[in-house]
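Enquirer: Protein chains in written order, with the working numbering: chain F, 1 to 584; chain E, 1001 to 1497.
Note that these hints are calculated values from the structure, not bench results.
All figures in this text were calculated on a predicted structure; none of them were measured in a lab.
C-beta atoms are modelled at their ideal positions from N, C-alpha and C, and glycine is treated no differently.
It is possible that some hints are incorrect.
List of simulated lysine-lysine pairs, BS3-like, C-alpha gap at most 25 Å [unchecked claim]:
(1) F/Lys262 / E/Lys1466
(2) F/Lys478 / F/Lys505
(3) E/Lys1297 / F/Lys324
(4) F/Lys102 / E/Lys1094
(5) F/Lys582 / F/Lys237
(6) E/Lys1094 / E/Lys1169
(7) F/Lys201 / F/Lys100
(8) E/Lys1466 / F/Lys324
(9) E/Lys1366 / E/Lys1169
(10) E/Lys1140 / F/Lys100
(11) F/Lys124 / F/Lys47
(12) E/Lys1366 / F/Lys80
(13) E/Lys1485 / E/Lys1140
(14) F/Lys102 / E/Lys1433
(15) F/Lys582 / F/Lys100
(16) E/Lys1133 / F/Lys53
(17) E/Lys1485 / F/Lys570
(18) F/Lys47 / E/Lys1433
(19) F/Lys570 / F/Lys100
(20) F/Lys100 / F/Lys262
(21) F/Lys424 / F/Lys434
(22) E/Lys1094 / F/Lys53
(23) F/Lys570 / E/Lys1116
(24) E/Lys1485 / F/Lys80
(25) F/Lys324 / E/Lys1433
(26) F/Lys505 / F/Lys582
(27) E/Lys1083 / F/Lys47
(28) F/Lys237 / F/Lys168
(29) E/Lys1083 / E/Lys1116
In silico negatives: residues of chain F with every beta carbon more than 10 Å from chain E [what the hints assert, rightly or not]:
(30) Ala17
(31) Pro65
(32) Gly103
(33) Ser137
(34) Gly149
(35) Ser150
(36) Asn160
(37) Asp167
(38) Asn217
(39) Ile321
(40) Lys324
Take a look at the letters that make up each chain.
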Amino acid sequence: ESGTIDLFVMLGEDPKAVAKEYALLTGFQALPQEFSLGYHQCRWNYKDEADVKQVDEGFDTHDIPYDTLWLDIEHTDGKKYFTWDRSLFPNPVQMQEGLKAKGRKMVTIIDPHIKRDNGYHVHKDAEAQGLYVKDGSGSKPYEGWCWPGSVSYLDFFNPNTLQYWADKFSFDQYEGSTDILYTWNDMNEPSVFNGPEVTMKKQALHYGDVEHRDVHNLYGMQVAKGTWHGQAKRLSKRPFVLTRSFFAGSQRFGAMWTGDNKAEWGHLRDSVPMLLSMGICGFPFAGADVGGFFGDPNQELLLRWYQVGAFYPFFRGHGHIDTKRREPWLFGEPWTSLIREAIRTRYRLLPYVYTLFYEAATEGVPVMRPLYFEFPGDKTVAAKDDEFMFGDSVLVKPVVEEGATTASVYFPQGQWYDWQTFHKFEGPRTATVKAPLEKIPIYFRGGRIVPTKERARRNSLVMKKDPYTLYVVLDAGKTASGSIYLDDGESMNSKLKRVEFSFAKMVLTAQTVQDTGFEVANVIERVVIVGLGSTEQLSAMSAVSVSGGQKTAMSLVVSGPNRDVLIVRKPDVPIAGEWEIKFN
Amino acid sequence: MVCFTTIQFLLLAVSHCAAVLGKEAGSVRARGVAPNDLALYSGSSFKCRDGSLEIESSKVNDDYCDCEDGSDEPGTSACSVGKFYCINKGFESKTLPSSRVNDGICDCCDGSDEWKAPAARCEDTCLSEAREKYQDQINKLDVFRRGIEARRKLEEEGAKVIAQKESEKTEARSKMSEAEQSVAELKVKVEQLQAVVDAQSSTASNDDSEKAKAGEEEEEGAAQGGGGGGNDNTAQGGEEEQESFPYPKEYAAPDAAAAEGDEEGEKFPYPKEYAAPPSGGGESGEEGGEEQFPYPKEYAAPPADAGREGEGSAAASEQAAENEQEERNSGEDASQEEDTTTPEMKELAEAKQKLRDAESEVRSLKSKVEATDKYPSNAALVALYEKCFEKTVRQYTYEVCLFKDSYQKEGSSRTRLGNYDSYDEETKKMSFKNGQVCWNGPARSLTVALECGAETVLGNVDEPSKCVYETTLKTPVVCNHDEAKKLEEIVKAIQQG
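Take the sequences, apply the hints, and build the full model.
Expert: Here's what the structure looks like:
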């Protein structure tokens, strides 16, 4: 109903080329901090400091990794953002230090509606400095109704508001915040409970007398942008901002989630096409609430949701204040162990996930990809959205049916290997695979090399020094390639290294292709070679590593349930170096 | 104060201990191994503890996971299912998941899980933790001793109560058959008189008196169900039904299944304003195409805007409904006007009155006979039967009456958290269920965990999920000798190192 439509037509020879053009136009996914790719535990609401401590300890007691604990609106004093309800959170700094001591982070919610309370500094400043969106008359602030009751909305199109907002995040202004505290922007559509279509009226006036109707879709992005700049100003680390409202370009300012879903199988199923859409719309860092926001998931739904959520680019469990508690260990066995496995799967894959995000940040490609992205020539996958590629090397089949014990998987052209049994599927074909509760149907793609870290840890930060495992999954020609992106995982302008791995002619080669001086001492503790030969062939093999002119005999183990996987035991070659392992 | 000398003793014992264990813990292979398992790790080869594989002993704790069960790497983080044993000399040993080994965070009080880090990284805190624990155990033991003493007194009180009730029971039993006999006789008499009166009125063919009769029967039924002592099964069933649907029963669905359905807002076959919970902004959603407001009512939009019902009115109507329910529960009594226009009618009315009196006598006797059935087997707990305890947490005062009910009070408003449902002697947990229904939530409920204390005090009340409350009650009632003995042994063990 307003303005003109700008139509951009992007031409490219394949989906990846088009994705890059779109990113060049609207911006690339901001490279996240590594911690934010781990698991996030949220609830409306963790009630007080004792509750936070108890939940944090629960993860350790049950040896389940997680990186970030979230606080929803109830942590504030009367829904006045940037404040704490001191009766519940008397020592927020101490609380955060407790999390930090274990390598964890915290996120608090900060919404753009401001309580009209004369004792609230943000409201007073906004009134005095004219930072609010104006009513249609242009003379007084627009007023609406949201969590705190009567509120006004900061005008994020006003450069002064953006500046003001960014300053609010500084450590001296946001009391009780520390350097592990990050931000969640909700209700930034903006949500107005008593407004038309639960949002702001179209005549409300923004900076430059622009009517809300003209900028409605941009408002949410501006909020996240202001928050992003606020965090960037106070810390030299990459910001982390989660937003509900977004627009073309919001990917420059963090992550989004799909909003208030329900604890129903249909909502689990639909999360997959929704997030695939986000990926092809250039906003890869997206997730849906694991478990479903409204309602109580039963154990099976919760488990299956974790199993799928482990492959959401943004992986967070969240639930409504009226729902029953559902922290991963509350349902007893076998559920606790199975959910632990699902979350650990995410952590094992973190080096790969981080590399995918680097690709997203530089090439504009999604992390979670529809099959057609990788197989544009295969017409049968054009509309397929009940399975997806996680990067270019892993095929994921979400199990989203209650009581399912099998799943039907379409394998595109090529060789595919079950990631646990290494059972081979030759595509293209559709196969029915076993999918009991404990099984996440995930497949490595032949011809790819995937870096992982197999050791269990309590979060991504304490995994830093752990050694790597390389899965070398061969194609029909017994070749494979892959890469890893390495940096400090947090700084805005970190030094980096990029290493490419390839396997051809019985030689595994590592080559550093980009190096700005990032120092990394981690080694590879295990190379798993899949698709190399039969048990007999593998048993007869030997290998040497060649690194810096030095040759070392490798210890080989024939492994896997079918004894058709060759493991190089402790090659101890550097993850970032130039070396070869030759097989005979 | 008293224990000062024992702490000194403890310190000596600890250093002795350290010398013995130090030798064994030296080698790499033994790192993270529990003392009892050391033999398994001392051979020239090592067999995975699940028997799946045998490896050279040089591969034990070589920072690579060979055994599927993780048993070859007790001292490293290489196996994700591995276990690390901290000796924690001077304090309790501990088994950790291998994910804690060398992750930069001190988990063992002796710091042994961070063996790669410089020694300064993790200070040895075992001694101070031992001291703390020792003091803690001493304090606990003291509480137990005082608690057991107090419990004895409560048991005596409880025994007296039981004895009193038992003698009432015997007496009531002896009167029972006579009372039942007189009810039976009166019933016959009433029937006969009724027949006479009916014959008289059938000639008059009076609709009103028919109605009166129907009403009367219903009234009697209700009196029998809900009016008496409230402890027989029919009475409880009746109460529960009333509570699950907090509105006059004429609005309730015709059968139980439909009544349950109404919570989901689908099957309830009556105008929606009668369905629980009272509608806020949301109810319009189903018909109007607007989304239901799925958040707690305090966040609903204000009145008089955008066609929504206001927060204020929603809250008020809910409160009204709750009050109404409370009123209804407390007073349900209606005396029946009898028609006494003829002598027979008068006689009938008198006979009916006598029958009611006799029936009430039977009920009262019955409740005396059954009075002790409802008592817990723990005599000390009988002394606290229906006793109430309070705790103030922020703006709320919580009141818990054991075996009866529980409330959350704020100013003059009282919200029932639940009626007594059960007490589990095993877990020592008392549950209160079917409290007032929350907006968008379940019926409130409360679980009280009884723990040993020198006196009976209600602890902090927690609400881990919406309208699901938890608290503890420190009380001598559950202090027992076995646990006290265990504590004594722990204290003794600490004293002896």
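Enquirer: Now, for every hint given, state plainly whether the structure supports it.
Expert: Hints, one by one, checked against the model:
1. F/Lys262 / E/Lys1466: holds (17 Å)
2. F/Lys478 / F/Lys505: holds (8 Å)
3. E/Lys1297 / F/Lys324: holds (18 Å)
4. F/Lys102 / E/Lys1094: holds (19 Å)
5. F/Lys582 / F/Lys237: Given pair F/Lys582, F/Lys237 is violated - Cα atoms ~41 Å apart, limit 25 Å.
6. E/Lys1094 / E/Lys1169: Outside the cut-off at roughly 56 Å; violated.
7. F/Lys201 / F/Lys100: Violated: F/Lys201 and F/Lys100 sit about 43 Å apart, past 25 Å.
8. E/Lys1466 / F/Lys324: Since the Cα atoms of E/Lys1466 and F/Lys324 sit roughly 7 Å apart, the hinted pair holds (cutoff 25 Å).
9. E/Lys1366 / E/Lys1169: Roughly 9 Å separates the two Cα atoms, so the pair holds.
10. E/Lys1140 / F/Lys100: Judged against 25 Å, a Cα distance of about 33 Å means the pair is violated.
11. F/Lys124 / F/Lys47: Not OK: F/Lys124 and F/Lys47 at ~28 Å, beyond 25 Å, violated.
12. E/Lys1366 / F/Lys80: With a Cα-Cα distance of about 60 Å, the restraint between E/Lys1366 and F/Lys80 is violated, given a limit of 25 Å.
13. E/Lys1485 / E/Lys1140: Within the cut-off at roughly 12 Å; holds.
14. F/Lys102 / E/Lys1433: violated (39 Å)
15. F/Lys582 / F/Lys100: violated (43 Å)
16. E/Lys1133 / F/Lys53: Holds. E/Lys1133 to F/Lys53 sits at ~21 Å (cutoff 25 Å).
17. E/Lys1485 / F/Lys570: Not satisfied, since the Cα-Cα distance of roughly 52 Å exceeds 25 Å.
18. F/Lys47 / E/Lys1433: holds (23 Å)
19. F/Lys570 / F/Lys100: Outside the cut-off at roughly 32 Å; violated.
20. F/Lys100 / F/Lys262: violated (32 Å)
21. F/Lys424 / F/Lys434: Holds, at roughly 14 Å.
22. E/Lys1094 / F/Lys53: holds (21 Å)
23. F/Lys570 / E/Lys1116: holds (19 Å)
24. E/Lys1485 / F/Lys80: violated (53 Å)
25. F/Lys324 / E/Lys1433: holds (16 Å)
26. F/Lys505 / F/Lys582: holds (9 Å)
27. E/Lys1083 / F/Lys47: violated (33 Å)
28. F/Lys237 / F/Lys168: Status holds; Cα separation ~17 Å.
29. E/Lys1083 / E/Lys1116: holds (17 Å)
30. Ala17: holds (40 Å)
31. Pro65: Label violated. Min Cβ-Cβ 8 Å, cutoff 10 Å.
32. Gly103: violated (7 Å)
33. Ser137: holds (18 Å)
34. Gly149: Non-interface label fails for F/Gly149: nearest chain E Cβ at 7 Å, not farther than 10 Å.
35. Ser150: Incorrect as stated: the minimum Cβ-Cβ distance to chain E is 7 Å, not above 10 Å.
36. Asn160: holds (29 Å)
37. Asp167: About 29 Å separates F/Asp167 from the closest Cβ of chain E, which puts it past 10 Å; holds.
38. Asn217: Holds, because the least Cβ-Cβ distance between F/Asn217 and chain E comes to about 19 Å, which exceeds 10 Å.
39. Ile321: violated (6 Å)
40. Lys324: F/Lys324 is in fact no farther than 10 Å from some Cβ atom of chain E, at 5 Å.
Hint compliance for this structure: hints 5, 6, 7, 10, 11, 12, 14, 15, 17, 19, 20, 24, 27, 31, 32, 34, 35, 39 and 40 are broken, all remaining hints hold.
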